[in-house]
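Undergrad: Listed here are the chains, written in short residue letters.
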Amino acid sequence: MCEHIEKKFGDVIAVNDFNVEIKDKEFVVIVGPSGCGKSTSLRMIAGLERQTAGNIYIGDQLVSDKPPRDRNIAMVFQNYALYPHMNVYDNIAFALKLRNLPSDEIDRKVKEAAEILGITGYLQRKPKELSGGQRQRVALGRSIVREPEVFLMDEPLSNLDAKLRVQMRAEIAKLQARLGITTIYVTHDQVEAMTMADRIIVMKDGIIQQIADPQTLYDHPANQFVASFIGTPPMNFIACQLQKREDGFHLVNPVVDVIVPAAWSEKIASYEGQPVTLGVRPENICPSSLEKDQASAIVDLVEVLGSETLVNVRIGEDMAIIKAAPEYKPAWGDAVELHFDMEKAHLFNKESGIVII
Amino acid sequence: MTNESLLSKILWGGLVVLVLIPFFFPFLWILSASFKTQAQIVAMPPVWVFTPTLENYARVFVEQDFGRFLLNSSIIAVGSTLLSLVIGLPAAYTISRYKQNSIGVFILLARLMPGISYLIPWYILFSKLRMIDTFSALIASHMLVGLPLIVWIMVNYFDGLPHELEEAAQVDGCTLQGAFFKIVLPLSGPGIITASTLSFLFSWNNFMFSLVLSAEETKTLPIAVYNFVSYADVSWGPVMAATVVIIAPAIILTMVFQRYVIKGLTMGAVKG
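In order, the protein sequences belong to chains A and B. Oh and the first sequence: position 304 is 304 in the numbering used here, straight run, nothing missing. Oh and the second sequence: position 63 is 63 in the numbering used here, straight run, nothing missing.
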């Protein structure tokens, strides 16, 4: 549990009020852009950075003042941090030797960990003789052999190529499920977060934006930043004015006129006449066959993926991406009409970015 | 084409030989002179073919007890290097990891001050402490050269080691000190060899501090050479033999560790 953790470097607040309770065996991912404070938060949990305020508990134990070696945690670093002067066996056994375990027990545990990770054949090699994926497995082996209370992983897949990253993602997720160890995983890649996590902590500028499971984050983002960060391609944002007309509320700008679902009326009433931001995901916008529909746009770029077509369009002053059927291939510069699935759309406060709907 | 490349190779080889002659010739001269008689050394034109004699070495080691001076130089050079390592390695590590640049610059300043400016204060200090002509005084004075050198080289070296290694060691169960001894030091071999070699050589070759602070008990090799210089004449043969005794360990050490020394000297230039 992290209780209102803060970290200041001089006057700069790197992490502000980091407050979360993580359940036993849970796989939690901290995600956010570079410099958002996610690694700093992880390092404070590890004890490698000292928090300037707040408390950290692992299990029932208050560990805020304890050094890393007394926290019963294991950590996997972005560049693996394998000891170059030791072979794979000694790298994995290092922590066990420090605890003065008998050598036959060390041998058994190391071989067990190597078996789980498929690195039994590499035990006598030095790290420099291994590939990136193999080194990553050794780093994982070094962590699991200790049977810690918590795994901490700091962007462990960032240095791998795309294909290997996909493979290792699945392996880490399966490993965690098999071993049942609480895991806190840091990444800047929202796809990793969405595919691996039980819950995701989204951070920006040192502040937690939202904590929720992947589907909730996707369907109900708390603010515009979360909405734009989660999902590929990202959510589209269209600046509009909220107007009240006889038939209900309308979201309006020079090229857009969308009637708002009746269910929204109560929540949005106080924003009447104000600028707001409409957020719609690419799969919830479709080209319309009508002569005039909710929005008029100009095609800017067409990306054919085979299974679908991504069309970049200009809606007035805003750019948007729509996911269309693979047969839909408009030409650059074509004028198109668009229809929004308003049941799945969101409305954001233009100034604060906080979600209204 | 072949003629041209052959010509350019000959010219290049000639140029290399020309450049190397000023460097190698003195060593070869000293070595050959150490096996010549006085008459052969001063002969003009120079004698290139001669029967070598060990008379000069006999005079050096038997008459002048050079073995003792060799031992003195060794004790002081090894002692000052080891002590500088014991103090300098942890100091360099702390300066590197905790970014204590001002302390690093302060230590370097000691190295930049002219050594001669320390001599009078040291003489007064060590006289009062009755430490003139003791190994302690000489080792301490030689550390003025060795310690900043070791700190300066090792700060750069530690800067190049990834911090994550020590962090991983701490997470695995090491204390900070444990991580330093079990992970950082074993990985610092090349840097330590470089720094130690340079510190040893500076101490081994040092003339000025030994001249002022040593006497009969702790006389070192560079001082002892002057035993062969008198008002009447210079016994060139023994001087050459003594010089060979002085420079041989330095040359051997440099040849063995040259790749580390070159890397260590250029490391600062590359990293900036």
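Honestly, the hints are just simulated from the structure, not real lab data. Keep in mind it's a predicted model, so treat the numbers as computed, not measured. Even glycine gets a Cβ: it sits at the ideal position worked out from N, Cα and C. A hint or two may mislead.
[Unchecked claim] What the simulated footprint calls covered on chain B by chain A, stretch by stretch (three residues with Cβ under 8 angstroms from a Cβ of chain A suffice, anywhere in the stretch; the number is not a length): (1) 155–166; (2) 169–182.
[What the hints assert, rightly or not] In silico negatives: residues of chain B with every beta carbon more than 10 angstroms from chain A: (3) S8; (4) L15; (5) V19; (6) F23; (7) P186; (8) L187; (9) F257; (10) Q258.
Undergrad: Indicate, hint by hint, whether the structure satisfies it.
TA: Hints, verified against the model:
no. : hint    : in the structure
1   : 155–166 : holds (count 3)
2   : 169–182 : holds (count 8)
3   : S8      : 40 angstroms, holds
4   : L15     : 40 angstroms, holds
5   : V19     : 38 angstroms, holds
6   : F23     : 37 angstroms, holds
7   : P186    : 5 angstroms, violated
8   : L187    : 6 angstroms, violated
9   : F257    : 19 angstroms, holds
10  : Q258    : 23 angstroms, holds
Going down the numbered hints, you'll see the structure goes against 7, 8, while the others check out.
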